[in-house]
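Colleague: Here is what each chain is made of, one letter per residue.
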Amino acid sequence: MSTVSAAVGRGNRGRRSVLTAVTWIVGIGFFFPVLWMAITGFKQEADAYTDPPRLFFKPTLTQFATVFDRGVGPYLANSAFATVVSTLLVVLLATPAAYALSMRPVKKTQDVLFFFISTKMLPVAAVIVPLYVAAKTLSMLDNVWTLIVLYTAMNLPIAVWMMRSFFQEVPGAIVEAAQVDGASLPRTLWQVILPIIAPGLAATALICVIFSWNEFFFAVNLTAARAATVPVFLVGFITSEGQYWAQLSAAATLASLPVIVAGWIAQKQLVRGLSMGAVK
Amino acid sequence: MPRIRTLRTVVAAIAMAGLLGGCAGAGAIGGGAGKTQLTIAIVANPQMQDAVSLAPQFERTHPNIQLKFVTLPENEARAKVTASVATSGGEYDITMISNYETQMWAQNGWLTDLQPYIDETSGYDPNDIIPSIHDSLSYKGDLYSVPFYGESSFLVYRKDLFAKAGLTMPAHPTWPQVAALAKKLNDPKHNVSGICLRGLPGWGEVLAPLDTVINTFGGRWFDQNWHPQLTSPQFRKAVQFYVNTVRAYGEPGAATSGFSECVTRYSQGQAAMWYDATSMVSTVEDKSSSVVVGKNGYAPAPVVDTKSAGWLYTWSLGVPKTSTHKDAAWQFIDWMTNKEYIKTVGKQLGWARVPPGSRLSTYQIPQVKQAAKAYAGPTLQALRTADERKPTVQAVPYQGIQFLRIPEFQDLGTRVSQQVAAAIAGNITVDQALRQSQQYAETVGASYRK
Chain A
1240 MSTVSAAVGR
1250 GNRGRRSVLT
1260 AVTWIVGIGF
1270 FFPVLWMAIT
1280 GFKQEADAYT
1290 DPPRLFFKPT
1300 LTQFATVFDR
1310 GVGPYLANSA
1320 FATVVSTLLV
1330 VLLATPAAYA
1340 LSMRPVKKTQ
1350 DVLFFFISTK
1360 MLPVAAVIVP
1370 LYVAAKTLSM
1380 LDNVWTLIVL
1390 YTAMNLPIAV
1400 WMMRSFFQEV
1410 PGAIVEAAQV
1420 DGASLPRTLW
1430 QVILPIIAPG
1440 LAATALICVI
1450 FSWNEFFFAV
1460 NLTAARAATV
1470 PVFLVGFITS
1480 EGQYWAQLSA
1490 AATLASLPVI
1500 VAGWIAQKQL
1510 VRGLSMGAVK
Chain B
9 MPRIRTLRTV
19 VAAIAMAGLL
29 GGCAGAGAIG
39 GGAGKTQLTI
49 AIVANPQMQD
59 AVSLAPQFER
69 THPNIQLKFV
79 TLPENEARAK
89 VTASVATSGG
99 EYDITMISNY
109 ETQMWAQNGW
119 LTDLQPYIDE
129 TSGYDPNDII
139 PSIHDSLSYK
149 GDLYSVPFYG
159 ESSFLVYRKD
169 LFAKAGLTMP
179 AHPTWPQVAA
189 LAKKLNDPKH
199 NVSGICLRGL
209 PGWGEVLAPL
219 DTVINTFGGR
229 WFDQNWHPQL
239 TSPQFRKAVQ
249 FYVNTVRAYG
259 EPGAATSGFS
269 ECVTRYSQGQ
279 AAMWYDATSM
289 VSTVEDKSSS
299 VVVGKNGYAP
309 APVVDTKSAG
319 WLYTWSLGVP
329 KTSTHKDAAW
339 QFIDWMTNKE
349 YIKTVGKQLG
359 WARVPPGSRL
369 STYQIPQVKQ
379 AAKAYAGPTL
389 QALRTADERK
399 PTVQAVPYQG
409 IQFLRIPEFQ
419 DLGTRVSQQV
429 AAAIAGNITV
439 DQALRQSQQY
449 AETVGASYRK
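So the sequence lines, in the order shown, correspond to chains A and B.
So the first sequence is residues 1240 to 1519, counted in the numbering used here.
So the second sequence is residues 9 to 458, counted in the numbering used here.
Note that these hints are calculated values from the structure, not bench results.
Keep in mind that a hint or two might mislead.
[To be verified] Below are the DSSO-like pairs computed for lysine-lysine, each with C-alpha atoms no more than 27 Å apart in a straight line: (1) Lys-334/B / Lys-1375/A; (2) Lys-1297/A / Lys-377/B; (3) Lys-329/B / Lys-1375/A; (4) Lys-303/B / Lys-377/B; (5) Lys-148/B / Lys-398/B; (6) Lys-1297/A / Lys-295/B; (7) Lys-167/B / Lys-197/B; (8) Lys-1375/A / Lys-76/B; (9) Lys-43/B / Lys-1375/A.
[Claimed, not checked] From the derived model, a few chain A residues whose C-beta atoms are all more than 12 Å from chain B: (10) Leu-1274; (11) Asp-1290; (12) Pro-1291; (13) Ala-1365; (14) Phe-1455.
Virtual Cβ for every residue (Gly too), placed ideally from N, Cα, C.
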């Protein structure tokens, strides 16, 4: 009997080791391009794009200095403003919508949910001309508020769907207990439900932040000098007549930092939040 | 307590957003009161970045004008500026365009006629602009944009590798000669390809050098009645030659190699020859980015049935009709494209970095002659011989050498280039690529035959 359990134990350990190795390989596979980007940012242009790739080189901060010389500040400010405000708006709008669709479903709930997600089905390239003309007519071209409205609209359907799956995790008995105790709906939502779904809320907000921070298509088409965001600043390093990989890598590394830091800070909530929604 | 903390967090977040908004919304990138603010769309090329770095000098001498640059890669800039100008978006006071757009946009009434401004500016000297470039930016005799720099195409080769192999580059090489040289110099064991040629899809990528090959092989896109000629024997022979050469003696991964990949490969000593834009010299002859400085010879664009084959391209500055600051815009354009600017770049950034190919006088400056002695002559000669009006052996209903100056060409060229790239990658044959391309061209040709 003990021989059998030892064999089973060894088998499990072996399987776990293989799984761990596979997980590491997949993790490194995902992380390697990011690491390579950061390393390339410390190279000279001549070392950045070689055949075969150069692993040993004299590191330099020249490329990072160039990025700051080109005035990344206003672009960072525009990106941060558009991202923070649009994410706040998304959370404010998606939370009650998701609550209603999950805790108080009505006859057409499924249709409403489908309507939300259907707004993501049209390629943005198909609507860019009407959007451009509308923004021009409203004198809203090159205005950061135009991006805020669009980013809010862009992220709202995803946020509603995500938040709904988190709301569905909340046991109905807790809500009923709060109501029996005489709590009003806003109070129930604020003091009972929100603390339970806080990890999910954090995960939703972070995804909205990532999508808004990285958004390029609207930004490049609807902004010029005043409201341009970091992704627009980044592509300014791509040239058709010269070498640019080291500069672009340095700029991209800097541009990634705020999102990486935000993810790092929220990682505990993020993991809990994502696993909460994962089963739905 | 938790409620208060949460509220405090929300208020803090809104306050932070408001603070940032104060920066962003109110025009974070400057916004001096009482100043004329010029928004300038430029293409992200090294020469333009030099201009951006020198622009504060203009602002110091013109304290009432403030400059804001929007820098984008070529494709994004072209798409965005075209959309803005065509819809009277009015975001830009100055746009960087090329000889592809200028005449079409002038005809559409989208650009300001710069001739009156030029005529009133003493010392601007429009007759100093290289004639072929001047013509390519003129509509009904008036300049609608003025050149910042110009380029043609030529063949760069490694003199040291040629000497080692006992080979000589002919003064006026033909394409079959170049292919034969590439065969002898191709050395995959030492990671040196015989020649580098673009294969990356895009009308401004693979089609730029390929079109010059098609032209000199006697091919043409359309006959005089706008019937497509992409399956004609001459067109087919040219494309087959290009594909065979790059596949046999060209760089590895040619189907994904554009200017950037070729300039890197050649600069790292991994190609014996390279046919491309004359602007390559700013990288190839720069010690900080190239290991082959001083080892290069330059030959005219190879030919077959024409006397010359080099292309003609210029990045120029124009003022959209919608600009409300035309006078200020011209003041900046004058500063950025006159003879003094070229000297300023030379003195402050180096004589090898002066914008080439715009003015004849540039090539009379002793320091430029010295710094660019290996390539100044071939560059000027290539620009002088480029003829947009008669690019091919047979007559054609369009103008342009490495492009057709028709609005549809951006789309048509991109589609055809995708077919050619697929042939270079070996996914389809040249015949298949050209049959499909002929269908694309038929749609365009039909719209002109009506």
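Colleague: Check whether the Cα positions of Lys-148/B and Lys-398/B lie no farther apart than 27 Å.
Modeller: holds, 18 Å
Colleague: A cut-off of 12 Å on Cβ-Cβ distance, and Phe-1455/A was said to be off the interface with chain B. Does that hold?
Modeller: For Phe-1455/A, whose nearest Cβ neighbour in chain B is about 9 Å away, the distance does not exceed 12 Å, so it is violated.
Colleague: When you check the alpha-carbon spacing of Lys-1375/A and Lys-76/B, does it fall within 27 Å?
Modeller: holds, 20 Å
Colleague: Does Lys-295/B sit within 27 Å of Lys-1297/A, going by the straight-line distance between their CA atoms?
Modeller: Holds: Lys-1297/A and Lys-295/B sit about 16 Å apart, inside 27 Å.
Colleague: Quick check for students: does the CB of Pro-1291/A sit more than 12 Å from each CB in chain B?
Modeller: violated, 8 Å
Colleague: Are the Cα positions of Lys-43/B and Lys-1375/A separated by 27 Å at most?
Modeller: Roughly 24 Å between the alpha carbons, so the hint for Lys-43/B and Lys-1375/A holds.
Colleague: If I take the minimum Cβ distance from Leu-1274/A to any residue of chain B, is it greater than 12 Å?
Modeller: Holds, since 21 Å exceeds 12 Å.
Colleague: A cut-off of 12 Å on Cβ-Cβ distance, and Ala-1365/A was said to be off the interface with chain B. Does that hold?
Modeller: Check passes; 15 Å lies beyond 12 Å.
Colleague: Is the Cα-Cα distance between Lys-1297/A and Lys-377/B 27 Å or less?
Modeller: violated, 34 Å
Colleague: Between Lys-303/B and Lys-377/B, does the CA-CA distance stay at or below 27 Å?
Modeller: holds, 18 Å
Colleague: Is the nearest CB of chain B more than 12 Å from the CB of Asp-1290/A?
Modeller: violated, 7 Å
Colleague: Would the pair Lys-329/B and Lys-1375/A pass a check requiring their Cα atoms to be no farther apart than 27 Å?
Modeller: Roughly 16 Å between the alpha carbons, so the hint for Lys-329/B and Lys-1375/A holds.
Hint check: violations occur at hints 2, 11, 12 and 14; the rest are consistent with the structure.
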